[in-house]
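Engineer: Generate the whole structure from the sequences, applying the supplied hints.
For the sequence shown, the residue numbers in full-length UniProt numbering are 1 to 633.
Rather than coming from a laboratory, the hints here were simulated on the basis of the structure.
Treat each hint with caution, since some may be false.
[Stated by the list, open to error] No farther apart than 25 Å at their CA atoms in a straight line, the calculated lysine-lysine pairs in the DSS-like style are these:
| no. | residue 1 | residue 2 |
| --- | --- | --- |
| 1 | 474 | 516 |
| 2 | 387 | 68 |
| 3 | 473 | 455 |
| 4 | 427 | 470 |
| 5 | 213 | 232 |
| 6 | 530 | 516 |
| 7 | 455 | 295 |
| 8 | 265 | 333 |
| 9 | 204 | 75 |
| 10 | 376 | 399 |
| 11 | 470 | 214 |
| 12 | 427 | 387 |
| 13 | 470 | 79 |
| 14 | 79 | 213 |
| 15 | 474 | 376 |
| 16 | 442 | 382 |
| 17 | 213 | 455 |
| 18 | 68 | 204 |
| 19 | 382 | 361 |
| 20 | 361 | 427 |
| 21 | 295 | 474 |
| 22 | 265 | 427 |
| 23 | 232 | 333 |
| 24 | 399 | 382 |
| 25 | 455 | 474 |
| 26 | 399 | 427 |
| 27 | 455 | 470 |
| 28 | 213 | 265 |
| 29 | 298 | 473 |
[Said to hold, decoys possible] Ranges of calculated distance between the beta carbons of each label pair, as one might list FRET restraints:
| no. | residue 1 | residue 2 | range |
| --- | --- | --- | --- |
| 30 | 453 | 364 | 49 to 57 Å |
| 31 | 205 | 485 | 54 to 62 Å |
| 32 | 388 | 239 | 42 to 50 Å |
| 33 | 568 | 529 | 21 to 29 Å |
| 34 | 530 | 494 | 39 to 47 Å |
Beta carbons: idealized from backbone N, C-alpha and C, even for Gly.
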Amino acid sequence: MFSIKPGPRNLPIGNPTLLSWNITDGDLNSKLNTLEYLNCITNIINSCGVYPQDLKHREIISTFHAEKVINDLLKNDYKISLFPDTTYRELNKAAQRSITAPDRIGEGKTWVYQRDTMVERGDNSGVHQYGPAEHFTHIISDKPSPKDKYVAYAINIPDYELAADVYNINVTSPTGQQETFKILINPEHLRQTLERKSLTAVQKSQCEIITPKKPGEAILHAFNATYQQIRKNISEFARCHYGYIQIPPVTTFRADGPETPEEEKGYWFHAYQPEDLCTIHNPMGDLQDFIALVKDAKKFGIDIIPDYTFNFMGIGGSGKNDLDYPSADIRAKISKDIESGIPGYWQGQVLIPFIIDPLTKERDQIHPEDIHLTAKDFEASKDNISKDEWENLHALKEKRLNGMPKTTPKSDQVIMLQNQYVREMRKYGVRGLRYDAAKHSKHEQIERSITPPLKNYNERLHNTNLFNPKYQKKAVMNYMEYLVTCPLDEQQMSSLLYERDDLSAIDFSLLMKTIKAFSFGGDLQTLASKPGSTISSIPSERRILININHDFPNNGNLFNDFLFNHQQDEQLAMAYMAALPFSRPLVYWDGQVLKSTTEIKMMMGPLVSAVRRGLIKVALPISSSTMNSTHYI
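Structural biologist: Rendered as structure tokens:
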């Protein structure tokens, strides 16, 4: 139970013109005015989070009441300033229902979970003591969910409320007194609701919303970091001027399938061998964890860029002899959980609730335990690309890579899933993707799998009125990894960039030129800008610059040519790249010590710590003064 603490003393909380609220809490009946009510909301969020166990607590902090509070304050000529609470981290999660699947989880219900501490009461009754709820309502099952021993609940929660977040609300009285509270709101829904209210133009002008500025233009590659690990460090990343965080593929994958060789279990590369695009469940987290990460990053002006694997599927699971995805054992596991009366967890991890037939426009609902891809969705060849075929376009785009089956753009199912995947990512606030292994894609597949392309989006200016916002047009940060090892690769990549002006690309050619310049006997003058010439074939505003990525140190000796001889050279190379106008440097960070074939460079290691201490900070005015410079390289 929460306790109602004394209201704020700097504001006239006894103002009789403010709306009063009746709150019943056990034996306590309290009649509170609006500002005291805000104080209650703040206390509950501070002590219980936005998903408190008690039903009354959740009712008090709902977005419905928050909107009434703000409307009441504006009507009484209070000024309001809203800004994201960057210190708040909600560790609970809700398994959002699919609106197209009410038969699966109950009409209008959202499945939610409460962690079971498995501590029995002293009377040996066998009744468990539960920890904080991750939503609440009547219990519908005494069986734990398949992950982390959660107990399933169901409740009516509107989608717009699931998208709400904690904001600080600074309230200024007509006499100039101020107090700051916490409140749960969805800004866009708040604006729509208040537009229907009878507020005057002057009252509307008193409500501002402050959104974060992008910290910089550098990309942090959070390789092998869980979504929770990234969330814990998000404020530090913003402080170091990272404007983007690239994460491993957001799919269902696992590193310990029944056909995975024992010596390969736990390796990083399983993240690039998806089992399913329709659901999100992997060692980094699930869909709910991912949504929380995107929301937390937005509070700091940071965009999340997931790796997007659309060429190949995994070889773990059942060995992929049948080419049915997800694998049989995964489908059996999900089916068993659903039949046990706990379908909520898996339904909550469905990213793609349905696919739309391009001809009939009919919706085909996605169920997590169903087969989503079969043999007809893959290239016919079962041969692997051989060492002497890396300049053979036909082999690169149709053969398997280390046993991974190659999807085909001729399959409508593949294209529908890939298109819907991109749309759903946009829906959750993702403003960019890294297209993995584009070298193995036919132009047709790249063209069809991201159609229609999203080139720009409108973003609120940093400080605007809630009702009359000003927007700035921002480019979506889509880029591809097209490994350039020969002139043919350069031609193919240039052709793709010409066809798709919404795509950027990693500049492997500049990396090789930089490695050569820093090597023994190299000439740094080759990296200097010269009148009438450029140092790269990729337009400067469309290139991603790297000095190392996750592939180079983690594949034995395969990519030795892409590695600098000394870490000091890596540091100096990053300083050079970060200072180039228009370009975005990508900094590699391994979030944890995982299995690797070679040494992994850690976030706090010499490379990144040196960059974070100063080099990136010097370079990141790329987005301001440097970007506007007339000096081009």
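Engineer: Would you mind confirming whether the straight-line C-alpha gap from residue 455 to residue 470 stays at or under 25 Å?
Structural biologist: The hint holds at about 19 Å.
Engineer: Determine whether the Cβ-Cβ distance between residue 530 and residue 494 falls within the hinted range of 39 to 47 Å.
Structural biologist: Since residue 530 and residue 494 have Cβ atoms about 21 Å apart, the given range 39 to 47 Å is violated.
Engineer: Please verify whether residue 213 and residue 232 have alpha carbons no more than 25 Å apart.
Structural biologist: At roughly 20 Å apart (the allowed maximum being 25 Å), residue 232 and residue 213 satisfy the hint.
Engineer: I want to verify a distance hint. Is the separation of the beta carbons of residue 453 and residue 364 within 49 to 57 Å?
Structural biologist: Roughly 24 Å apart at Cβ, these two residues miss the hinted range, so it is violated.
Engineer: Given the hint that residue 79 pairs with residue 213, does the C-alpha gap stay at or below 25 Å?
Structural biologist: It holds: about 23 Å lies between the C-alpha atoms, which stays within 25 Å.
Engineer: So does residue 205 sit 54 to 62 Å from residue 485, Cβ to Cβ?
Structural biologist: holds, 59 Å
Engineer: Between residue 204 and residue 75, is the straight-line Cα distance small enough, at 25 Å or below?
Structural biologist: holds, 9 Å
Engineer: Would you check the hint for residue 530 and residue 516, treating anything up to 25 Å between C-alpha atoms as holding?
Structural biologist: Measuring from Cα to Cα gives roughly 18 Å; hence the hint holds.
Engineer: CA of residue 213 to CA of residue 455, is that 25 Å or under?
Structural biologist: Roughly 20 Å between the alpha carbons, so the hint for residue 213 and residue 455 holds.
Engineer: Within a Cα-Cα threshold of 25 Å, do residue 298 and residue 473 meet the stated pairing?
Structural biologist: holds, 17 Å
Engineer: Residue 427 and residue 470 were given as a pair; does the straight-line alpha-carbon distance stay at or below 25 Å?
Structural biologist: Holds. Residue 427 to residue 470 sits at ~21 Å (cutoff 25 Å).
Engineer: For the pair supplied as a hint, residue 470 and residue 79, is the alpha-carbon distance within the 25 Å limit?
Structural biologist: holds, 19 Å
Going through the hint list in order, the structure does not satisfy hints 1, 2, 12, 15, 19, 22, 23, 26, 28, 30 and 34.
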